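Quick note, the sequences are listed as chains C and X, same order.
Residues in the first sequence are numbered from 2 upward in steps of one, following the numbering used here.
Residues in the second sequence are numbered from 69 upward in steps of one, following the numbering used here.
Calculated directly from the structure, the hints in this document are not laboratory data.
Values in this document were obtained by computation on a predicted structure and should not be read as measured data.
From the three backbone atoms N, C-alpha and C, an ideal C-beta is built for every residue, glycine too.
No incorrect hints appear here.
To give a feel for the contact side, a few chain X residues facing chain C, derived at Cβ under 8 Å: (1) R151; (2) H166; (3) V180.
Below, computed lysine to aspartate or glutamate pairings styled on DMTMM-like, alpha-carbon distance capped at 25 Å: (4) X/K190 to X/E170; (5) X/K181 to C/D121; (6) X/K181 to X/D153; (7) X/K190 to X/D203; (8) X/K308 to X/D97; (9) C/K211 to X/E210; (10) X/K181 to C/E118; (11) X/K182 to X/E194; (12) X/K182 to C/E118; (13) X/K288 to X/D97; (14) X/K185 to C/D121; (15) X/K288 to X/E79; (16) X/K182 to C/D121; (17) X/K308 to X/E291; (18) C/K211 to X/E170; (19) C/K45 to C/E110; (20) C/K45 to X/E125; (21) X/K190 to X/D256; (22) C/K45 to X/D84; (23) X/K190 to C/D121; (24) C/K156 to C/E15; (25) X/K190 to X/E249.
The chain contents come next:
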Amino acid sequence: MIQLNANHLLYLLEAARWTVLLSLIAFLGGGLVGLPLALMRLSKIGLLRALAIGYIQLIQGTPLLIVLFLSYFGLGIVGYKLIPLVAAGISLTLYAAAFLGEIWRGCIEAVPRTQWEASDCLGLNRFQQYAYVVLPQAVRIAIPPTVGFMVQIVKNTSLASVIGFVELSRAGQIVNNSTFEPFVIFSAVALIYFVLCYPLSVAARTLERKAHAGR
Amino acid sequence: MPAADAIVRIENVVKDFGPLRVLDGVGFDVARGQTVAIVGRSGSGKSTLLRCIAGLETVQGGRIEVCGHPVGRPGSAARAQLRRDVGMVFQSYNLFPHLTVERNITLALTLVKKESKEAARKRAAEVLGLVGLTDKLRSYPEQLSGGQQQRVAIARSLALQPQVMLFDEVTSALDPELTSEVLAVMEDLARRGMTMISVTHEMGFARRVADLVVFMHQGKVWETGPTAELFANPRTAEFKQFVGSEL
Numbered sequence: 002m003i004q005l006n007a008n009h010l011l012y013l014l015e016a017a018r019w020t021v022l023l024s025l026i027a028f029l030g031g032g033l034v035g036l037p038l039a040l041m042r043l044s045k046i047g048l049l050r051a052l053a054i055g056y057i058q059l060i061q062g063t064p065l066l067i068v069l070f071l072s073y074f075g076l077g078i079v080g081y082k083l084i085p086l087v088a089a090g091i092s093l094t095l096y097a098a099a100f101l102g103e104i105w106r107g108c109i110e111a112v113p114r115t116q117w118e119a120s121d122c123l124g125l126n127r128f129q130q131y132a133y134v135v136l137p138q139a140v141r142i143a144i145p146p147t148v149g150f151m152v153q154i155v156k157n158t159s160l161a162s163v164i165g166f167v168e169l170s171r172a173g174q175i176v177n178n179s180t181f182e183p184f185v186i187f188s189a190v191a192l193i194y195f196v197l198c199y200p201l202s203v204a205a206r207t208l209e210r211k212a213h214a215g216r
Numbered sequence: 069m070p071a072a073d074a075i076v077r078i079e080n081v082v083k084d085f086g087p088l089r090v091l092d093g094v095g096f097d098v099a100r101g102q103t104v105a106i107v108g109r110s111g112s113g114k115s116t117l118l119r120c121i122a123g124l125e126t127v128q129g130g131r132i133e134v135c136g137h138p139v140g141r142p143g144s145a146a147r148a149q150l151r152r153d154v155g156m157v158f159q160s161y162n163l164f165p166h167l168t169v170e171r172n173i174t175l176a177l178t179l180v181k182k183e184s185k186e187a188a189r190k191r192a193a194e195v196l197g198l199v200g201l202t203d204k205l206r207s208y209p210e211q212l213s214g215g216q217q218q219r220v221a222i223a224r225s226l227a228l229q230p231q232v233m234l235f236d237e238v239t240s241a242l243d244p245e246l247t248s249e250v251l252a253v254m255e256d257l258a259r260r261g262m263t264m265i266s267v268t269h270e271m272g273f274a275r276r277v278a279d280l281v282v283f284m285h286q287g288k289v290w291e292t293g294p295t296a297e298l299f300a301n302p303r304t305a306e307f308k309q310f311v312g313s314e315l
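Required output: the full structure, derived from the provided sequences and hints.
Set out below in C-alpha cells:
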C-alpha cells in the first residue's frame, strides 16, 4: 500500500480538468442540439413536433449509463470503436440536449402569448418574432434553470468513469485502489465537485440579478 | 352610408370556440374617418370581433375586408397587406419589456418597413410627440405608468401609419385618472381623421367621440346607429338596460 501524498491530490486535480472539459462538451453540444429541439417542439409542423417529442421522451426515459454503454461498447461491437472521451461526449450531448430542449421550450412558452400577438400585429414574421421579441425574453427566464442543469451535467460526467474515461471520479477510484483511504479520497473528490458546481450556482444568481438591473 | 365608402366591411361573421358560438352572423361597415364604439356586456363577443378584424382569430364563416382586402391567412399576401393597413392596441399594452420605448417603436419600422435607423428614430420621436411622451425615449416600459405604457403602445402602432386603428378595451386596466390621458390621445386621433374601431366600456367616450355605436349582445349586432340617435332612442330592451346600468 502506498502512503497518500500530494501527488495523489495533483492527480485528482488533473483528472478534474477532464471533468470540466467533458462538462463543456456536454453543455455546448447539448445547447446546439437542444435549441433546435425546443423550437421543433413549438413548431406548427406536426412532423417536427413529433420527432422532437419522440427524441426527448426516448432520452429522458433511458438511463444515461445505458446510453454510455451503447455508444461505447455497443458501437464498438458494430465496428465504430470510439475513444472514451468521444463516446462520453456524444452520450452527454444527447442527454443534455433532451433536457435543455425541454427546459428551453418551457422558457419560450413562459413568454406571454400576448407578446406574439403584439409583434404579429406589427407585421413581424415568425423568425423576427423569435429573434427580436420572444427569445430575448426567454433567455432571461432560462438562465436560472439552465445553470441549475449545468450543475447536473458536471455531476453526471462521473458516469463516464464506467467506460474507462479517467475523469475525477475514476481518478478517485484509481488513487483509492493504491492507497486504500476511501474516506479521505472520496471526500477530496466530493470537495472538488463542490468547488466546480458552487460557482455555477452563484453565477446563476448574479446573472439573474444583472438581467433585472439591465432592464 | 353608401357601401362604396366602407374601409372596413364585416359581413355575416361567424366564430365558434369549440361548441360555443361567440359571433353569430355579425356585420356592419365602417367608413373612412369614422370612429366606431363597440359596446356590450362581457361575453357579448365584442373583443372577439375586434380580434377577428385584426386577424388574430380565424372565423368559421362570413367575410371581413379592410381597405378592399380580405384578412387572409397568416403568411399570405393579404395578411401582409392587413398588417400594413391595421394597427392594434391591447388592453394589457403588450409593450416589449426588454426594449426601450424608442426601440419598441422602431423595431417594426426597421424590420418590416426596412427604414433606416435614423428615419425610424425620427419617426419614433414624432409619434411620441403625438402622445406627449417625447421625454421617455430611453425609458423601459416598466419604468412607466400604465397610462404612459398605453400611450407608447398607441404611438408604436401609429408609427406604422395604419389606415385603421383597433382599440381593444385599452383603458380597462387603468385607474380613472390614467384612463383620461389615454382617452385624450384617442380623441385627438379621431379629430385628425383616423378611422377607429374601439371596444370600450367608457360610455362617456362613446357618446362624445364615436360617430357610430355598435351594441353587441349574445354574439350579434343587437342595435347599431349614429351615436346621438342610438342613445336618445334605444329600440331594444337589452340596450336600454345596458345604457341604464352604465350610467
